[in-house]
Structure formats: C-alpha cells, structure tokens
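**Student:** The hints should help you fit chain B onto chain A, whose structure is shown.
If you read the protein sequences in the order shown, they are chains A and B.
Take 1 as the starting number for the first sequence in our numbering and just add one per residue.
Take 1 as the starting number for the second sequence in our numbering and just add one per residue.
Among these hints, one or two may not hold up.
Unchecked claim - Computed from the model, here is a short list of chain B residues facing chain A with C-beta under 7 Å:
# : residue
1 : Val-168
2 : Lys-255
3 : Leu-358
4 : Thr-361
5 : Arg-368
6 : Thr-370
Stated by the list, open to error - Computed footprint of chain A on chain B, listed as stretches where at least three residues anywhere in the stretch have a Cβ under 8 Å from a Cβ of chain A:
# : stretch
7 : 303-315
8 : 332-345
Just so you know, the hints here were simulated from the structure itself, not pulled from any lab data.
The structure presented is a predicted model; accordingly, all values stated were derived computationally and were not measured.
Yeah, the Cβ is synthetic: ideal placement off N, Cα and C, and Gly gets one too.
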Amino acid sequence: MENNFYLIGVGGQGVIRLGQIIADYGLKKGERVKFFKEVGMAQRGGPVHCEVRIGNVFGSRVPPLSSDITVVMELSEGLKSLEFIKPGGTVILNRKRIYPIDMMTQPEKYPQDEEITRLFEEANAKIIWIDAGKIASEAGLPIAENIVLLGALSLISSFDKEFVINILKKHIPRELDKNIAAFYAGYKTAEGIVK
Amino acid sequence: MKKLLTGNEAVAEGVIESGAEVVCGYPGTPSTEVILTLLPQKEELGIHIEWSTNEKVAFEIASGAAWAGKRTLVTMKMSGVNVAADSLASVAYSGCIGGLVVFVADDPGVSAGMPEEDSRYYAKSMVVPMLDLASQQECLDYVKLAFEISEKIGGPVFLRSTTDISHVASDVGIGKKLKLEKREAHFERDIAKYTKAGAAWCMAQHQDALNRLAEASKISDSYITESGIKVNETHFEDGSKQGVIYAGAVEGNFKEALKKYNLKISWLKIGMVHPLPEERIKKFLEKADRVLILEELDPLVEAEVIRVAYLLNKKAKILGKFDKTLSPVGSYSFKKIKNALEVLLKTKLESGQDSKILERTKELEVKRPTSFCIGCPHRGTYFALNKAIKNLKYKKDEIIITGDIGCTILGMNKPFESCWTEVAMGASIGLAQGFKWAGIKKPVIATIGDSTFFHAGIPPLINAVYQKVPLTVIILDNGWTAMTGFEENPGTINLNGATDTKRVDIVEICQGCGIEDIQIIDPYQSEKATAAIAKAIEYPGVSVIVSRRECALQVKRRKVKFPQRKVNIDKCTGCRICLSSLACPAMVFHPKDANRKAYMEITSACFGCGLCEFTCPTGAIEVIKDGK
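This is chain A alone, in the form it adopts within the complex (with noise of 0.2 Å):
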C-alpha cells in the first residue's frame, strides 16, 4: 500500500495542520509515514505546501505523476501540483483566490478557473469543486476551511471517520464542536459530489 497527498496554499491557510492531521492518522494505523513540509519565510501570504507520505515509502516528497490526493487551497498555487497528479487522481480544488499585492490592482493577471480545470484535465485528474469558505462559515467557523478539506479528502481516502475525530480532538482542542461540524460538512459534500 502506498498513499501520496499532496497539499499545497498560502501562509495562514492551514495547510500544515491539514498535512499534520493526516500524517497522524497514518501513524495512529501503524503504517509508515513521511511528512514533508515547506514555509516560506512569510507568515501570511507566502506560498506554502507540505506533502504527505502513507505506506511502504522511502522518499519524503511524492515522485512525480504519483500524487493520490491533492489539495489546493488556494487556487494559483495549485498549479504547481500539477507534476504530481497521478493520472486518475483526485484534485480537491477550493474556490479561493488569495491575490498577492500587486496584483490587487491587475486581478485579470491571475490565471482564469477555466485555465486551471482544464490544465487538471489534461493532467487526467478527477477534479472536485468545494467553496470550503462558505461552508466553513456555514459552520461557524469560517478559518475551518482545512478542516471542510479533511473531510472531503477523508470521503475520498476511505478514512475511518471516528478515527480522525479523534486525531482532530488532539491537534484542534479549541472550537472542537464546530471544526467537527466543518469536518461533517465537508465530507457530506464530497459524498454529494462522488456520487
């Protein structure tokens, strides 16, 4: 067995939490794990991914085309993914632009959805749309985007739900009853989405 995730934002977003989430989890089920992490030197706004290994792995990153799951929190910085997608992978891309300073002013400048859904086409992802945003604020927690994302990624994996509930209750002690229901949220939308 072998599982690559590849999770991939920008400084704030809670990409590292994610990827810390489910390295736990693989550890919780006895299996071998690599959890690679990059942060830039910014704490908001900076690009920021971390790679998560499940399995019998050596290697900390995820070799090209061999990403199982990928995550894109933001969307332009998902574009850099795209050497990783395993053909017939899952991309869970979230409806977020989060514009640097510059391009406040010229927002045409960023890439168009349409660009990014079909370079993860030809890319041959299965691609899943999930504004966690609003879902998360649904919730009451609107930060919980990361947390919406788990739930998706954990439909799709076939994680055992009540085992990450209980990793969550580790790593997030605080506002657990919301980020629960974010995780819920999430997870009933992939399930919306796959069938």
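**Tutor:** Using the frame of chain A, we list chain B on its own:
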C-alpha cells in the same frame, strides 16, 4: 513505541536518551528545532540548555563541560560552523573527556537564504569524524552512537544533517534511555593536551587526532544501531556490474526509485563520511565497473572513490559530479536521482508530466514576494529610513544601506528596497566601513537586528569608533531572534515566560563602545523616528539608532491589543499610497467596478501599528473606537 518526529525532534530525543548534561547552540535554519524541542523540558530533565550569543561561544561552553567529563551537544547551521571554526579546530586537536557532539545542519536547496556550504569539509580539515544522517530514525540512533564514539576515541564527533532530514517528519522508534553512572565535574590540568604553546605539543595533538579518526572508522564500520541500522552497509546484487555509492539524505529517494522501478543493482551506503571506509569501497569497486555516486552538494565521497579506484588500478566508470551527471547545486529530488539512475543503467525509467502542461504552469505562476508580517516594527523602521533619506534630499539609489542576517533583511524587498547587501552575521557594520574607506562620499548606513548585533555586530562597531569612521548604524531591536522561530537572546525581555537570565541592554553596550550619538526611536511613531534618523545620518561620527519595538507576533501571543484602523470610504480616493508605501498584508484593494469607486480596506487582521495613518494624503485612515 513509534512517534511522528522531524529529524531535529528525533535528535532531541536522542540527546535525552544519551544522558547529555549540557546542550547549547545558536539558532539557524535548518538546525534550530533541536534546542527548541528540548528547552521546555529543561526543568524536568534537570540539565543545562541554552541559546548562546553565537556558535563559537556555544561550542566553547560545550567543550568546557566535555573537558569536565560531561556529555555535551552543540547545535548550529552550516554557516555557524564558520563562526565556531577557530575554537573547533583547536579542541579537535586536544580531544575531550566527556562525549562532545557537534550537530550541524546543511541546507542544500536553500530553504533559508545562505550559501549552499558543504560542512563535510570541516570534518576533513579539522580531523574530526563525521556521521552523515540518512533518515529520521538515524537522527535518534546516531546521537547515541556519536556520544559512544566520542567517549571511546576521546575526541569530538560531528553529526551532520541536511534540510530533508531535519525538517521532515517520519515514524521514529523511541529507544531506551541510557543509564550512565553519575559523573562529578572534574578537570585535570594537562597543558600538553589543553594548550597550544609549543610546536611539539601541537604536532603530538595532531597525531592524536589522526589516531582518533582511525579508531572512529573502525568502530563505525561494523556498527549496528539499537533499531538495527548499519552505519556502513554493502549490498551486492548477483550478477550486477552496476552500483550506487551513496551518503546522507539521498537514501530516501534512492530507495524509492529501487522500489518503484524494481531495480536490481548493488549499492553501498556510507554513514560515516569522514573518514571514509576505504576497504569497503575497495571491495565494492572490485565487483562493479559502472558506479554512480549519490551525495548532495560537493563531490567529497566521489573524489575518494576515484582515488581508491586509482589505487586498485581499476578502470571503473565513476558517474557523479565530475562527469556532470549531477550538479552540486540544489537538493536532490526524486527526479534528479531518477535521471542519474537512467545514466547509470543506460535506460529510460519513466517520463514525467507532459512538458506542455508544465510550461503553461510556469507561465501562469503567481509570484508572492515575502514582506514583513502584519504589525512588524521593521516596516516602520524602513519606512522612516526611506523618508529620512528623501527629506535630506538624497536620491534613493545613491545611499548605500548594508543589510544583515535575519528578518531585518526583508527591507531589501518591495516596497522599501532599502538594503543593498547581505553577507554574514554582523557583517553590515564592517562592510559599511569598507565603503567609506573606498571613498564613498555620501552617507553609508548599516541595518542590523538585535540578536545579530549581539552575535557578531559588536567588534565591527568598536572598530568604527576606534577608526573614527562616519557611519550610521540602525539596530532594529525587536527583542527576539525572530526569523528562526522566536528564540531568546541577551536583550530579550521574556514576558511570555520568565527565565533566570540577566538582560543586557544594547544602548549600554553602544555607550560602552564609545558611541556618543545614540537615539532610541519607536518605529510606530513615524514622524519622530524619521526626524531622528535624519539627524543621525547628518552626524559627523559614528551614530547609532536603536529602533525599539517588540516583535508583533510575540505581542500577539500575549493577546496584547492595539487599536485597529479602518478606512473611511467617503474620504478614500483609492490612490493606494498606503498599500504601495507599506505593503501591509492586512490591506486589501478593491478596484472600481460598475457599482462602486475604487477603495482600500483594512481587514480584521490589522495589528494596530498605525503606520498607515502616516501615509494617507486624505486622512481616510481612522482608529476604530468602541468597535466602530
């Protein structure tokens, strides 16, 4: 029991299990988390752990404790070895009594901007054995091994990591805590061993160090660690004339490729990179005639393999850096290793993602330049500095500003574009003097952070005073060694958790160095700060500005709140001067559309530094009072 630990956390666990009693170092990516992990357990462990003022000091403390018989570990990044090198070389010749382990983390691929230096050369030049880490489990196991070797040979041992080991987490099997006999501190006077006063003694020490190297090699070559890792390991594949010799972090991607492509080739893993296991290399070369050397950075192992092949009179094809199969630049991704294996095997293993997709991805890339955090006091200092230069009627591109290591160097980026240079800890002040002696007539300014100043900024400041060099030094004192993750330094007032240390004041240091023009400014009080900097630049001697405000992220941790700002949309003209002057990540610009004019928004992420108020030409930025 297994835990998910990064390499550095595993080193920390190894330190605990080894019974080390003194641990010190200076922060530096990617080495910092060893001490960060240990510090909160200081009381519980009952051992001494500290952030020292610089790596040389840290190493000297560790050496003293090791000479008194204790197990000690010192941590630093590769640049730190340059700082500690003088003392390191000397202690390496003298040897030690208690185990002395020097943990150094190199940064191939440059996760934090500094030269991609290969610290393995130090092991050679200083006659010190070096273990090279290839996995997170080894991080734990090799700390114990390094202490064992150090005490058996009676000399220091290098434990070398790289970013891909130190910063990656993996499942690590926790070991047994060693039960060492209690050691009383004791130091025996032996000037032939502990001083360098005499050629005969120095040369005898040199010979001793060489003897220790040979012994270290003997111990490690057949060593199997607690969790079953062989330090040096040879694997012969029947009938295979092709082989790989590797050392360090490349192991993961190499083994991944063996599995993925089901490759049957011989390999030799080298865990002790100095001295190299010559006999083992010989035996390997006797059976292989096409050999690929995998090691990040410089071709040290490769050169040795070529030397051994020459001694054997063996016409083997050695692939690596000398023949340009691989490059010394950057870390070794899976792809690079796969490509090198394709050269070794003369066969294509796999083609990657469609190149058209990758090209388009590059074209669409959205650049996200790094800037100061929200509320960062350095933003205020550079804003005031640029304004002061303008007010003095200088052009921005005629005033040289030498920058230094740490968060303060971000003043080189947009929107400030202030700093011109970044060299090494404390180097801004020395470089600035060089520019003056070269004949630069216009003012020269050095900017440096508090921790960087303590580390290596004081000697060049004394030099400037002594040589009477007209110069302005701006010390951006945010009270923390912030860039590497908020470590304490001698100037820290730690309101987040008291420690038993005595604070040293930068202003008093400057006075003691003979600085006659010192001004303390608050970077949030922009107008006063600008006037003070302008005055300092015009001062005919060495002037010092201490720009003092605590790191905003640390203030935020204590939940201290400043009044946030908002934009009065009626007054806002959408000119974006605030955004272009400060690049504050709490600001969002809303372009004009069919229903509204263009305007700025200050989001709830606002820290309340208030700098933006000083930028707005129409006074549209207001303090939020009572939540309105």
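**Student:** Looking back at the hints listed earlier, which ones does the structure fail to meet?
**Tutor:** 7
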